[in-house]
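Note that the protein sequences, when read in sequence, are chains A and B.
Quick note: the first sequence uses the numbering used here, first residue 21, plus one each step.
Quick note: the second sequence uses the numbering used here, first residue 997, plus one each step.
Worth double-checking, as some hints may not be accurate.
Listed below are the simulated DMTMM-like cross-link pairs for lysine to aspartate or glutamate, each with C-alpha atoms no more than 20 Å apart in a straight line [unchecked claim]:
#1 B/Lys1037 x A/Asp58
#2 B/Lys1026 x B/Glu1140
#3 B/Lys1292 x B/Glu1140
#4 B/Lys1218 x B/Glu1140
#5 B/Lys1305 x A/Glu101
#6 B/Lys1037 x B/Glu1140
#7 B/Lys1286 x B/Asp1298
#8 B/Lys1187 x A/Glu107
Keep in mind that the hints were calculated from the coordinates and are not lab data.
Quick caveat: nothing in here was measured; it's all calculated off a predicted structure.
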Amino acid sequence: MSARPAPRPDVRLDDGGMEPVTCGSCAARVEVRKSSWDQTSIQWHADALGACLERRASQQGTGPNGAAFVGCSALHLAIREAAVRGELPVQSGEPLPVNPEGNAP
Amino acid sequence: MTEVDEVRRIETDAAPTRFARGWHCLGLAKDFRDGKPHQVKAFGQELVVFAGEDGKLNVLDAFCRHMGGNLSQGTIKGNEIACPFHDWRWGGDGRCKAIPYARRVPLRARTASWPTLEQDQLLFVWNDPQGNPPPADVTIPVIEGATRDDWTDWVWYTTVIEGAQCREIVDNVVDMAHFFYVHYSFPTYFKNVFEGHTAHQFQNGVGREDTRPQATVSGAPKMLGNTSVAAYHGPSFMIDDLTYHYDDGDVDSVLINCHYPVSENSFVLQYGIIVQKAAHLADPEAMARKMGDYIKIGFEQDVTIWKSKARIDNPLLCEEDGPVYQLRRWYEQFYVDVEDVTDEMTERFEFEIDTTRPNEAWRAEVKANIAAREAATASS
Ligand code: FES
Ligand SMILES: [Fe+2]
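Go ahead and model the full structure; you've got the sequences and the hints to work with.
Dropping the structure here:
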């Protein structure tokens, strides 16, 4: 096979890398990065995906892309809590927004 | 000079020398069923597409293994394509079935044939540089509306893009900001998920009053926003489950955005749309054409960008950009041998953009555009 240059890492990781977070509902351990309170990157691995309860319970949705699993809400919550507790850095350094537009944060 | 003061250089790796492994859509199946063979330039080769009497669509290498005649200039005879040069008959399986003037067909009379799939009125061809057949779990999902009476037929567009590699169009799937600047839409929610051979884009948006003049025509329904779940299934075929919300009801549609490479620096872009015949739509077919023509304008604007831009392998991203690098890592799986596909390329990756700051900036820009338009109208 022809040697291909390896895909480069995201340049933004230079300012802060992915950090481990464990789900509160299952034992799934993923790597996460938050550039702001409302931005989240999640890198899954096979064992985490196999452990995820919501993933296992998810049903085929409607439409041609209905097989998609949008994400796990329990993991989302665990990530948010880790950020609130200061265990997961939020790159923007902004304080936790409080009801920015009258919506629940 | 400190590191941050240095001029950033654009890095450009060599473009791939092979073509992606996967299903590629060649277009509407019916367009190949006119009783004639069709020449298709794809994957750096010349192919011939023909439908035999049995109705099955076949894809072969265009050049006859006898003396190199071009089969796309030939004639369909029964279930075979007959070469225009000496009438050798080639079957859809790539085997020479007969030579009318010969006592017998020589050994080794076999040419390259491509696996095909006909689904939802579309013709797909499987490309694999290693020559393996399509694995059973590498499929294109069925689009129910495409074969239902309560949906329109495909409104289909084909255009050849010269001077651009097809990675440019795939990059679009993560490029939220370009939807505002190039396509005049206004994304308010944007998330990508890559997993296995699919790359999803979940996107919601609102209507833009500065670019939708029809909204000001009295009586015309006003577009409030859109909900879209789009996904690449493999390297080249994107299905977009797209709903536009108008003040008089929803319009459900499925948009296809697909391509196949012609050479290392050109590809054929195709897109098509079907619309559900909702009760509040007076003329759904006209609606599909109108939406298709709007999408056409959007793609033309993309093409202008692609043709003049640099190929860039080290894009400089801000935090409000999407996961370009991770998308390319995912896309790489289609360009390496199947045994060299790594977990990194296929493992699930999620990226949700924070749209707060982009939306503030865009609201201000829309407002300014409307103010400028009103000032221009008032002074004319
Ligand atoms: S070259 Fe095709 S039959 Fe001779
Ligand atoms: Fe685009």
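Here's how the hints hold up against the structure:
1. B/Lys1037 x A/Asp58: Not satisfied, since the Cα-Cα distance of roughly 45 Å exceeds 20 Å.
2. B/Lys1026 x B/Glu1140: 18 Å, holds
3. B/Lys1292 x B/Glu1140: It is violated: about 24 Å lies between the C-alpha atoms, which goes past 20 Å.
4. B/Lys1218 x B/Glu1140: 28 Å, violated
5. B/Lys1305 x A/Glu101: 42 Å, violated
6. B/Lys1037 x B/Glu1140: Violated, at about 30 Å.
7. B/Lys1286 x B/Asp1298: 19 Å, holds
8. B/Lys1187 x A/Glu107: Between B/Lys1187 and A/Glu107 the Cα gap is close to 24 Å, so the pair fails against 20 Å, i.e. violated.
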